[in-house]
Amino acid sequence: MKREMSYSNGAFAAAAIALGIASGALGWLGESRELRLDPPVASDLDGFRLMPNGISGTPPESYFALGKPYETDAYNLSQGKRLYAWFGCSACHGDGRGGAGPSFLDGWWLYGPEIVSIVASVRDGRPHGMPAFRDRMTTEQIWQLAGYVQTIGAYKPKVAAPSRNDDKQTRPAENRGPAKILFDQGPAGVHPDQGPSP
Amino acid sequence: MKENIVLDLTELPAHALGTASPSWWGTLAFMLIEGTGFALSIVIYLYLMSLAPRWPLGTLPPDLFAGSALTALLLASLVPNILVARWAREQDLRKVRLGLVVMAVLGIVPLILRGFEFPAMHIKWDQNAYGSIVWVMLGLHTTHILTDVIETLVLACLMFSRHGDTPRRFGDVGDNAMYWNFVVATWLPMYACLYWIPRL
Amino acid sequence: MRAARVIALWVATTACGCSGNQSALAPSGAPALHIEHLIIGIVALCAVIWLAVMVVLAGALWRKPQEDDAEIRQRRLTVVVTAAVAATAILIAGMTVASFYTTRSIGLPERASITITVRAQQWWWQVFYASSGQTSGFQTANEIHTPVGQDVHVRLESADVIHSFWIPSLAGKQDLVPGRSNSLLLRAEKPGVYRGQCAEFCGLQHSHMAVMVIAEAPADYARWIASQSADAIPTTGADVAAGRAAFLAKPCAACHTIRGTAANGTTGPDLTHVGSRQTIAAGLVETTRGSMAAWIADPQTLKPGNNMPMVPLTSIELQDISAYMESLK
Amino acid sequence: MIRSKDDGLRDTALSDKELNRALASTWSAQPGLWGALSTVDHKVIGRRYIATAFVFLALGGVLSLLMRLQLSQPEARFIGPDRYNQIFTMHGSNMMFLFAVPVMQAMAVYLVPLMVGTRNIAFPRLNAFSYWIYVAGGLLLWTAFIVDTGPDVGWFAYVPLSGPQYGVGKRADIWAQMITFTEVSALAIAVEIVVTVFKQRGPGMSLDRIPLFVWSMLVTSFLIILAMPAIMIASTSLILDRLVGTHFFNPAEGGDVLLWQHLFWFFGHPEVYIIFLPAVGMVSTIVATFTRRPVFGYLAMVMALVATGVLAFGLWVHHMFVAGLPRLGESFFTASSMAIAVPAGLQIFCWLATIWAGKPIFKTPFLFVIGFIVIFVIGGLTGVMVASVPFDTQVHDTYFVVAHFHYVLVGGAVFPLLGAIYYWFPKLTGKMMSETLGRWVFGLIFVGFNLTFFPMHILGLQGMPRRIYTYQPEMPWAGLNMFISLSAIVLAAGFLLFFVDAIRSARSGAVASANPWGASTLEWATASPPQPYNFARPPVVGSREPLWAEATALPVAAGLRVDRRELLITGVVEGIPEARESSVGNSIWPLWAALATTLTLVWSIFSPWAVVWGSIPVAVSLIGWFWPKGVLEDES
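Residue numbers (the numbering used here), protein chains in the order written: chain G, 2 to 199; chain U, 980 to 1179; chain R, 118 to 446; chain H, 309 to 944.
If you are wondering where the hints come from, they were derived from the structure by calculation, not from laboratory data. Fair warning: there could be bad hints in the mix.
Cut-off 27 Å, straight-line C-alpha distance, at most; resulting in silico cross-link-like pairs (DSS-like, lysine-lysine) [as the list claims (entries may be wrong)]:
no.: 1; chain 1: G; residue 1: 181; chain 2: G; residue 2: 157
no.: 2; chain 1: G; residue 1: 157; chain 2: G; residue 2: 169
no.: 3; chain 1: H; residue 1: 325; chain 2: U; residue 2: 981
no.: 4; chain 1: G; residue 1: 159; chain 2: G; residue 2: 181
no.: 5; chain 1: H; residue 1: 937; chain 2: U; residue 2: 1074
no.: 6; chain 1: H; residue 1: 671; chain 2: R; residue 2: 181
no.: 7; chain 1: G; residue 1: 159; chain 2: G; residue 2: 69
no.: 8; chain 1: G; residue 1: 69; chain 2: G; residue 2: 181
no.: 9; chain 1: R; residue 1: 307; chain 2: R; residue 2: 181
no.: 10; chain 1: H; residue 1: 667; chain 2: R; residue 2: 181
no.: 11; chain 1: R; residue 1: 307; chain 2: R; residue 2: 367
no.: 12; chain 1: G; residue 1: 169; chain 2: G; residue 2: 69
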C-alpha cells in the first residue's frame, strides 16, 4: 500500500508540473471578450492626442489600461474585419492591396502604422478622397476597424489575427502575414494570391 | 486460490514469430487505422468532386510524369522488400543488412519524386477545395513514406550494431517490410484517384 | 403510458397560448398536425413497451425461485426471448412504415403558390417577399405573414453560419445552410401568431433569435402586402420629424434602410415598417416606444454580442428616434 | 522454427514462496516518483486512468450545475452568453472525450489482461504513452477554459461557426487539438486491447469462452479503430482551414459545410456505441455474478454486440435529418436507425431471462443494473422516436434530444459504470465500498436523474431548443426549468456521496478477499489488489465460467521464465499456447514521447511549422523508446 501511495503522489506531482507548464503557455492567450464598451470609456477613447501634422500620436491612458484590445484581441479584430466589409472599405482599398485608395500591404503607411493614425484616418477622413466615418460608425467600431486595418499590413502576423473568410480567396488571410508573403514575392509574382509552402 | 499445474510450457519457443507475434498484430491494427484514414481521404475527394461543377476545380489535370514514375518505383521496390522479408525469416543477417540499405535508398528516392508531384498538381492548397484535398492526400501519404524510411534507417543501424542478430530484430524487419507493402498498396488507389479520375 | 399522460397534462395546461404558440404539441399547421399524430402514436406505443418491460423486470426480480427442470426452463426462455425479439422487429418495422407515410403526407414545398425567402443572419431573420402583380417586392425582418389555408413555400438560406428555421406549431424544422438552399412547406390552418426560434446553435445570441409567423385571412394578408410594399409613411409631428433627422444624421442610417428616405444601409434589418411589427430585435421585446428606446440606448445589455452598436445619443435624440421608429407603421 | 538457447530461471524450479518473490522483483515498478512516471504496469496505469476520468466527470458535473443555475429562471444573468457557450461546449467535449470514452477504455486497460489471464497488456509502453497524452489533452482543454479561451462552438463544432471566419481566436483550435490528443490515446488503447484479446488469452480460452465484458471491449476497440480516423481527418481539415487557409468547408471555393457533419457523425454515432458497448459488457458481468448463473444466450449476446458494432456505421445521417438531404436517403437511415433497436432489445431480453432464471442478490452493483434497465429502455425508445424523420424534425436540437441522450449515456453507460466501480472496487483497491452508502448513492442518483432529465422531454416538445443560455419570461418553460435545476441538486448530491464513499473506502474500507462476490471470471482468481505480475502462473481455462467450474484449485500452466518479464502467447481462435514472449520493462521514454507530442500539437495551433520542427523531438523520443537496452527482455 505504501508503494501505491507513492504512485498517486507521483501522479499528482506530474499533474501539478504539467498544469504549471500548460498555464504558463496559455496564460497569455486569454481571450476574454468585452461585448459592451462602457460609454465613458468610449468617449475617453475618442479623446486621443494626434501630432499637429496628423501623423502619429498617443492613445489615451485608458487604452493601455484595457490592454490595447483593438490591436491584440481576436474578437475585436474579427469584428473589425466584418466592419471592413460592411462599411464598404473594399470599394477603394480592395482586399487590402488598394485600388482607388492606397494599399495596406505594400509596407508604406502614408500616415504611419500607429493605431491612432488609422483611427484618425477613419474617423476624420484624409485628403484625396478618404471620407470621414465619424457619423456613420461608433467610436468602438472605428477602433475595431482600425485595429483590423493595421493587422492586414502587419509584416509579422499577430497571434490574434483573423483567418480566411468563407468567400472567394484573393490573398492569404491576415493570420498568414499577407504583407510579408506578397512582399517576398515582389510586386508581380507569378501567383500573387499564393503564399509559400507551410 | 490453490494452483494445480495442468500444462507445461517449458518447451515453447521464447519468442513468437510471424503471425504469432503480438507486434505483427499491432502493425496490422495500425495499418487498419491508417488504411481507414486513407480511404476517408479518397471519400472526401470523391465527395467534393460530386459537388463541383467541373473537375479538377479551376485548373488542369495533374501532370503524369512524377506521379507515374513514383508509382513505378514503389511497385519495383516491392521486389527487394519481399526479399528482405524472406531473408529476415531465414535470419540471414548479411543479406538483411544489404536489403535494408537498398530499401532505405528506395524509400528516399520516392520522397524526392514526391517533391515534384506537388507542383505537378498545378494548384496550391489555399486556392480551392480541390487544391486542399490533393495536397492533404499527397501530404498524408508522404508522411507514411517518411516514417517508414526513418524506421528502415533506424533498423538498418540496429542490424549493423551488436543488437542486430536476434530473432526479435528479424521479426521487426519483417513487420517493417509488411508496413512498406501497405504504404505501396495504399498509394495505388490514391494514384488512380489523383491522376486518373480528373481525366475521366 | 406515464409519459403520454404527463405530456397530455402539460399540453392541457400550457397550450392555451401566451404570446404565440411555440409547441409541437399545439399544432395549427398541416405538417405539424401530421407529425403530432405520429408523435402521439409512437409515444403511446413506446410507453406500453416500456411498461411491459418493467412488468417483466419486476416479475424477474421478485419471482419466487422454483426448482424446475433446467433444460425445460432453458427451452422455455429461448422461446420467449425469440418471440420478444421478433415482436421488437415487427414493432420497429411498423413504426418505420408509419414514419415513412407521415413524411409523404407532409407534402412538397415546391408546389406552393406563394414563395417567401428567409435569409438567416447572426442573430435575426431577413425575409424577402417577391414582387407579384401590382405590388413590388420588399424585405422585412423577424416577422412572416401568411394567408390561412394556403401552402407557402419558404426558401431557406443563410448569410453566415448554420441556423435552423423552426415554427413548431406549423411544421418541423429545417436548417439554413450557407452555400445551399433548403425548402420548407408552411400551411397555417387557422389564424394566429406562431412563434419560432433558431434551433441550430449559431453563436452568442442563439437564444434571442425568434421569428413570428402571423397567419391571417387572405384579405388581411393582401392588405398587409400592400402596406409593406409601400415606402415609409410620411412623418407627422415635431418629435417624429426630429427623430427622422437624427436617424439620418447618426450612424443608424449606415446599417438600416428606410425606404423613401436617404437611409439605405444593408447590414441591419430593413426598418421601413418597423412600427408595424409585433416585436423588435428578433422577438426580444414587444414593439413599444419605451422598448424601442431601451433597445437603441443599450443593445449590448439586452442582447450581448449582437451586431447593433451602442450609438451615443442625447436623451432628446433617443426619444425622438424612438417616436420615429414607432411611427413607421 | 529456431529455438534459441535460453537458460533463464523457470517457475518450475521454484517453490510458491520463492516464485512470488522472484516475480515481484522482476515485475515491480521502481519506488518513488521516477517509478511512478516510468511504470508500464497496466493496473497502475488503468487505475490512474480511471481516477483521472472521474476527476473530469466531477469537473463536467460542476459545469452542468452552472448551466442549471443559469437556466433556473428566464433571462437570468448569472452567466453571460460568451461564458455559457464555453460551458456547454466544455461539458459535452469533456464528458465525451475526457470522461466517457477514456473511462471505459481505462476499465478495459485494468480488467482485460486480468480477465484473459495474462500478466500485462500488449504494448505496455504504448499504454503509458496513451495515458500521458490523454492527460495532456485534458489539461490543454481545461487550462484554456480557465483563461477564458475555452471552445465555444458546441461539442460537435459545426462549421462555419467553428471555421476560420466565425470561430474567432484560438478557441476552436483548442477543441480540435484536444480531439487529436484524446483520439491518439483512444486508438492506442484500442490496438492494445485487440492484440491482448487476440494473442494473450490464457491457454484454453477459445473464442467461445471469452468473458462477455472482454467481447464487448473487443468490439468497442474495432469501432474505435474504424471510427476515430474520421474525426482525426475532420479535425485536421478544420485546423488546416483555420491556420493555412485550405477550403474544405468553404462553399465559395468548392468546399462544403455538410462535409463536416458527415465526417463528424460518421465518427460521432459509433462514438455512442463506443461508450455503450463496454457498459453492456459490465452489465452482463454484474448480472451473471449477482444471479449466480451464466448470462442467458452467450452466443446471441456476442452476435448482438457485433451486429450493433456493424450497424453503428450505418446511422450517422440521422443526426442530419433537418440539414436538407434527399428524403429518400433519409428514409433509409430511419430504417437502419430503428433496426439497431433489435440487437439492443435482444440484449435486454437476455438479461431479463437471466434474472428470471436466477435468484438475484440485491447488492449495490446489481441495483445499478436495475436502474440501468429502467432508464436505458426509455432512452432506447426515445431513440426509436428520433430515428423517425418527421418526429425528428420537431425534436431535433431541442431539450427532447438532450433528455434522450442523457437517458442513453447516463442511463446506458454511467449507471453500469457506477455499478462496475462498486463491483470491481475490491479488485482495484483491495477494499470494499460501503453497502449502506452505496444504496443511498444509487437512490439519490436514480431519483435525481429521472427528476432532472424526464421533464426535459416535455420542454423539448414545448419548443425549447438546446444550447440557449436563456429564454424569455413569456415562454411557458420557467416552472419546469426551475424544477429541473432543483432536481439537479439531488443528482449532484448522489454523485458527491459516491465520491465520498470511494475516497473513504479506498482509505479505510473493509479489506476485500480475492473473490468477495463469488464471481466466475479470472480477475477474481488472484489477490485483491493483484500482484504486479497478476498471476503467479497463467491460469488454464476449461470453461466459460472458470472459477465456478473449478471450485477447489485453479488449473495453471508452468514453465515461464521468472528472471525476465515473460508472458504466454496463444492462438487467436482456440487459445492454444504458441510461444513464450517477453513483455517490455518500465521506461520513462513514453513520458518523453508524450511531452514531445504535446509540444508539437500545442505549437501547431499557432504555426504550421510546428509539425516540421516538433517532429524532431518526437522522433528522438520514439527512437529512445524502441532502442534495445541490452536487458533480458530484448533476448529471444
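Hints and how they fare:
Restraint check: the Cα-Cα separation between residue 181 of chain G and residue 157 of chain G comes to about 7 Å, which is no more than 27 Å; the hinted pair holds. Under the criterion of a C-alpha separation no larger than 27 Å, the hint pairing residue 157 of chain G with residue 169 of chain G is consistent with the structure, at around 24 Å. With a C-alpha separation of about 13 Å, the suggested pairing of residue 325 of chain H with residue 981 of chain U holds against the 27 Å cut-off. A distance of roughly 12 Å separates the Cα atoms of residue 159 of chain G and residue 181 of chain G; the hinted pair therefore holds under the 27 Å criterion.
Taking the CA atoms of residue 937 of chain H and residue 1074 of chain U, the gap is about 25 Å. The hint holds against a cut of 27 Å. For the hint linking residue 671 of chain H to residue 181 of chain R, the alpha-carbon distance of about 18 Å falls within 27 Å, and the restraint holds. Among the hinted pairs, residue 159 of chain G with residue 69 of chain G is consistent with the structure: their alpha-carbon atoms are about 13 Å apart, no more than 27 Å. For the given pair, residue 69 of chain G sits about 23 Å from residue 181 of chain G by alpha-carbon distance, which is consistent with the 27 Å threshold.
In summary, the hint linking residue 307 of chain R to residue 181 of chain R is not supported, as the alpha carbons are separated by about 58 Å, beyond the 27 Å threshold. With a C-alpha separation of about 8 Å, the suggested pair residue 667 of chain H and residue 181 of chain R falls inside the 27 Å cut-off, and the hint holds. Simply put, residue 307 of chain R and residue 367 of chain R have alpha-carbon atoms about 43 Å apart, too far for the 27 Å limit, and the pair is violated. For the hint linking residue 169 of chain G to residue 69 of chain G, the alpha-carbon distance of about 31 Å lies beyond 27 Å, and the restraint is violated.
Hint violations for this structure: numbers 9, 11 and 12, all remaining hints satisfied.
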